[in-house]
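As they're listed, the protein sequences go chains U, W and L. So our numbering is basically just the index in the first sequence, starting at one, shifted up by 21. So our numbering is basically just the index in the second sequence, starting at one, shifted up by 462. So our numbering is basically just the index in the third sequence, starting at one, shifted up by 10.
You may find that some hints are simply not true.
Cross-link-like lysine-lysine pairs, in silico, DSS-like; alpha carbons within 30 Å at most [unchecked claim]:
(1) L:681 <-> W:563
(2) L:36 <-> L:218
(3) U:191 <-> W:551
(4) W:551 <-> U:190
(5) U:105 <-> W:563
(6) W:551 <-> W:563
(7) W:563 <-> U:190
(8) L:502 <-> L:67
(9) L:629 <-> L:211
(10) L:36 <-> L:67
(11) W:551 <-> U:105
(12) W:563 <-> U:191
Derived from the structure by calculation, the hints contain no laboratory data.
So you can see what is in the structure, the chains are spelled out below.
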Amino acid sequence: MLADTVLFYIFALMVLGGGVLTITRRSAVHSAIALIVSLLGVAGLYLLQQAEFLFAVQIVLYVGGIMVLFLFVIMLVNLDIAAKQRQFNRQWLVALAAVGAAGIEIGYFILHGKSEFRIAELGARAATAPGLGNTEVLADTLFSQYLLPFELVSLLLLVAIVGSVIMAKKRI
Amino acid sequence: MYPVTTIHYLALSAALLLIGTVGVLTRRNIVIILMSIELILNAVNINLVAFSHAYQAVGGQIFAIFVITDAVAEAAVGLGILIALFRNKETVLADEVDLLKW
Amino acid sequence: MNFLDQIGLIPLFPLLGAVLMLLFGKRLDPQPASDVAMAPELSAPPSPAHGSRSRLKFVISLVCPGMVLLSFLLSSAAVWQLARTPGRIHQVIQFTWVAGLPFHMANGHTAVFQADWGFLLDPLSSVMILVVTGVGFLIHVYSIGYMAHDSGYYRFFGYLNLFVFFMLMLVLANNYALLFVGWEGVGLCSYLLIGFYFHKKSAADAGKKAFVMNRVGDAGFILGMLLMLWVLGSVRFTEINALLRGSGFHAEVAGFGVLSAMSLLMFIGATGKSAQVPLYTWLPDAMEGPTPVSALIHAATMVTAGVYMVARSAALFQLTPATSAIVAVVGAFTAILAASIALTQNDIKRVLAYSTVSQLGYMFVALGVGAYWVAVFHLFTHAFFKALLFLGSGSVIHALGGEQDMRRMGALRQRIPVTHWTMLAGSVAIAGIPGLAGFFSKDEILWQAYSALQGSAILWLVGLITAGLTAFYMFRLMYLTFYGASRVPPEKAAHIHESPAVMTVPLAILALGSVLAGWLGTPKLWNLGESFRLFEDWLAPAFGPAVAVEHPASTEWLLMGLSVAVALIGIGVARYFYAIRTDIPGRLAERYRPLYTVLYHKWYVDELYDLLFVNGVGKGFGRLCARFDLRVVDGGVNGAGWLTRFTARISMWWDTWIVDGAVRLTSFLIKSLSYPVCILQTGRVQAYAFYVVIGFLAFFGYYVTR
Numbered sequence: 022m023l024a025d026t027v028l029f030y031i032f033a034l035m036v037l038g039g040g041v042l043t044i045t046r047r048s049a050v051h052s053a054i055a056l057i058v059s060l061l062g063v064a065g066l067y068l069l070q071q072a073e074f075l076f077a078v079q080i081v082l083y084v085g086g087i088m089v090l091f092l093f094v095i096m097l098v099n100l101d102i103a104a105k106q107r108q109f110n111r112q113w114l115v116a117l118a119a120v121g122a123a124g125i126e127i128g129y130f131i132l133h134g135k136s137e138f139r140i141a142e143l144g145a146r147a148a149t150a151p152g153l154g155n156t157e158v159l160a161d162t163l164f165s166q167y168l169l170p171f172e173l174v175s176l177l178l179l180v181a182i183v184g185s186v187i188m189a190k191k192r193i
Numbered sequence: 463m464y465p466v467t468t469i470h471y472l473a474l475s476a477a478l479l480l481i482g483t484v485g486v487l488t489r490r491n492i493v494i495i496l497m498s499i500e501l502i503l504n505a506v507n508i509n510l511v512a513f514s515h516a517y518q519a520v521g522g523q524i525f526a527i528f529v530i531t532d533a534v535a536e537a538a539v540g541l542g543i544l545i546a547l548f549r550n551k552e553t554v555l556a557d558e559v560d561l562l563k564w
Numbered sequence: 011m012n013f014l015d016q017i018g019l020i021p022l023f024p025l026l027g028a029v030l031m032l033l034f035g036k037r038l039d040p041q042p043a044s045d046v047a048m049a050p051e052l053s054a055p056p057s058p059a060h061g062s063r064s065r066l067k068f069v070i071s072l073v074c075p076g077m078v079l080l081s082f083l084l085s086s087a088a089v090w091q092l093a094r095t096p097g098r099i100h101q102v103i104q105f106t107w108v109a110g111l112p113f114h115m116a117n118g119h120t121a122v123f124q125a126d127w128g129f130l131l132d133p134l135s136s137v138m139i140l141v142v143t144g145v146g147f148l149i150h151v152y153s154i155g156y157m158a159h160d161s162g163y164y165r166f167f168g169y170l171n172l173f174v175f176f177m178l179m180l181v182l183a184n185n186y187a188l189l190f191v192g193w194e195g196v197g198l199c200s201y202l203l204i205g206f207y208f209h210k211k212s213a214a215d216a217g218k219k220a221f222v223m224n225r226v227g228d229a230g231f232i233l234g235m236l237l238m239l240w241v242l243g244s245v246r247f248t249e250i251n252a253l254l255r256g257s258g259f260h261a262e263v264a265g266f267g268v269l270s271a272m273s274l275l276m277f278i279g280a281t282g283k284s285a286q287v288p289l290y291t292w293l294p295d296a297m298e299g300p301t302p303v304s305a306l307i308h309a310a311t312m313v314t315a316g317v318y319m320v321a322r323s324a325a326l327f328q329l330t331p332a333t334s335a336i337v338a339v340v341g342a343f344t345a346i347l348a349a350s351i352a353l354t355q356n357d358i359k360r361v362l363a364y365s366t367v368s369q370l371g372y373m374f375v376a377l378g379v380g381a382y383w384v385a386v387f388h389l390f391t392h393a394f395f396k397a398l399l400f401l402g403s404g405s406v407i408h409a410l411g412g413e414q415d416m417r418r419m420g421a422l423r424q425r426i427p428v429t430h431w432t433m434l435a436g437s438v439a440i441a442g443i444p445g446l447a448g449f450f451s452k453d454e455i456l457w458q459a460y461s462a463l464q465g466s467a468i469l470w471l472v473g474l475i476t477a478g479l480t481a482f483y484m485f486r487l488m489y490l491t492f493y494g495a496s497r498v499p500p501e502k503a504a505h506i507h508e509s510p511a512v513m514t515v516p517l518a519i520l521a522l523g524s525v526l527a528g529w530l531g532t533p534k535l536w537n538l539g540e541s542f543r544l545f546e547d548w549l550a551p552a553f554g555p556a557v558a559v560e561h562p563a564s565t566e567w568l569l570m571g572l573s574v575a576v577a578l579i580g581i582g583v584a585r586y587f588y589a590i591r592t593d594i595p596g597r598l599a600e601r602y603r604p605l606y607t608v609l610y611h612k613w614y615v616d617e618l619y620d621l622l623f624v625n626g627v628g629k630g631f632g633r634l635c636a637r638f639d640l641r642v643v644d645g646g647v648n649g650a651g652w653l654t655r656f657t658a659r660i661s662m663w664w665d666t667w668i669v670d671g672a673v674r675l676t677s678f679l680i681k682s683l684s685y686p687v688c689i690l691q692t693g694r695v696q697a698y699a700f701y702v703v704i705g706f707l708a709f710f711g712y713y714v715t716r
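Turn these sequences into a full structure, and let the hints steer you where they fit.
Structure follows, in structure tokens:
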């Protein structure tokens, strides 16, 4: 148990630290790297929650796909000039205040809803059925119960592909 | 603090969400904004997985898969828009794109 | 052929002539200045070649006199038939001209005013139509020659014919209303003809003066007629005469009653028309018109209209001795006043004008004392010799090329013999030498003035003195004009020529009339038989029985002799002053300078009238009206303009501030209300994201606090 706790805190630090760094760096590349760290932390958290498939997907897709894409674009778009500009816009104070208020609200909500959601208890370890790992269970449910959303998502991906191709064209 | 309960994960998720929101609202560089959006989506994912583990239901994880897929699509298109914008306006700062100002 | 029933045609012939002149005159005589007649001395010399005048001018010369001739012939025929009509009266009513509503008379009965287009031929009107058409015709013929070189030929004849029409309407009318139509009409024609040379200011003014004075008298006429209507209920002569001579009305011997007022008002009308005091000053000024006009209108016919009207109203005047006395006194006063002025005048036509006024005074004296037939008789003879004298003077003026001042005449006897002899006949007639016309009528007047019931010795004396003055100034005229040394300027003397036959033949005919006409009314004293007293007998049915007053015959012979003597004395003195010792008039004028000046200036009556009426009433009233017009009327107009501008300014203010203000207010409101909302739309995505967060806050906050 202690290992879980320690790991949790390590990963939490990675996530939050990475997140804070992401939003505060001047250079976009630094922000990207910080985001990668954050995502890795998230992946670790998934592992702690016994969501192995998601851990893998997170690493492969998010870090290996999206962040690489981000880095490509950062390199494509010359951000030297942008790095010399003012980084935070004029509404930062007000935004901070609003978000702070939102945070207070969420905190209040969580604290008061403790008993309702049985969320103070330890997370139960799943009974590992022989031969049934996390991936199999996911696959079973995904292709039977959630087939329609699955297909729709594929459609979504198609649209995204077409859209991004068009967006990036020099001349439509 | 010793046993890590679901609440910890919720708090973490909320914190990450807020950080991401601050990033979206505050940074001028559009790339950073997009990255902040990824942060938000990850926060949601943490939340989903936490509850999925708490109730031993797999639906949460499946939803998380979908969220990731969605994030992918959105990042791709968003970056495409950024490139198109950069080509036309030579700027990646959100402040300077205010053509629809009244 | 019953001419008596056709008497309605008698006035219509000259009317036809006038209308033809109106329609076709310009075409028949298209001289360039045909509408504009210039006085002979002002106009350009006559057109270079006689052939350049219109060849159709003779049509005018034929038509207009011809119409009058037709009227004369018809009149003669009608009178001839009248002589054989019992009662010697014939009335023709053609249609009802004016019909009115019933009204209440003075005695409470109801009457209806009805004036018909009707004609009455009785002895009185028969004399008048013969005089008007006969003398009128002769004057028309004369005018053919006199106006030959005048531009405005057709206009002259048109007016002259129109005048004859109106005069005939006047004397033939069977009621006062139609008579008044003629009355006004001759006044109008008089105005038109006096002002014939309308480019001369003096002529235009004279015409205006004549018309205005006439109108003053006409006011009296109308009032009298209305009074007559109110008291007697009718305007028809026959009905009025029947009423007055019936048993309902008695002579107002003791003082002044309604009938006297009536007759006095009618007499006032007569003074205006016949130039008696005080409305006589227009007649001398009327000499501005062409000479034939003076002859016809202001000697023979129009001025006698007053006499005719009073004679026609004899039944009324016989019942009102007070008014008759006034008539006689006014007549006598006028006679001697005018004669006194005539003594000093130098214009040949002025002398004759004052002579006319004087002779009219005689006629009114006769009317005043009740000798109505005598007045008409004098009218008859006067027409002849006065027309003759005027036409003769016209001939003299024509011979001298426009000269009218007697001081520049003289010794014309040999040069223009026919004119001379005819004028001599006229002068002798007017002077009252026995044998010629004037003697018989004037002498009869003098006798009646003395001997009639209402006559008096004073009237007779005034008449006698006037007769002497008449003889004097007439022969003064003759001597100055025809005898003695010539004072004619040389350039005019060379052109002296006798008038053409078309002018001298009428002169001769009138001279004949002056000689013979008198023999129709010889005095009873002379006992020459019925045919020599035709006039009195002829007119007897018209005036009712005369009241005879007995006087010894010797008185009458005496008076007759006195009048002859006075006439001869007048002639003799004239001869002495102007033929034998021509220096005396000048010296007399010097010695009695004040008296001479007063007489020469016509007793300053014109100046008095100017002061009182023209300047006083006329100009004063004119100034008042001008002030009213300027202040009130123009003020009203200006005020309306100011009001309009003022209202416009208010309207503009309203439009600018309130109407436009409302519009601007609306747009301002919308803009200001939308401004806060516009601010929100910054175009920056992050701002919109912020709004999302705010929304989330609100939404979530609601659920949290529930």
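A quick look at each hint next to the structure:
| no. | hint | result |
| --- | --- | --- |
| 1 | L:681 <-> W:563 | 16 Å, holds |
| 2 | L:36 <-> L:218 | 26 Å, holds |
| 3 | U:191 <-> W:551 | 13 Å, holds |
| 4 | W:551 <-> U:190 | 15 Å, holds |
| 5 | U:105 <-> W:563 | 25 Å, holds |
| 6 | W:551 <-> W:563 | 16 Å, holds |
| 7 | W:563 <-> U:190 | 27 Å, holds |
| 8 | L:502 <-> L:67 | 28 Å, holds |
| 9 | L:629 <-> L:211 | 19 Å, holds |
| 10 | L:36 <-> L:67 | 10 Å, holds |
| 11 | W:551 <-> U:105 | 17 Å, holds |
| 12 | W:563 <-> U:191 | 26 Å, holds |
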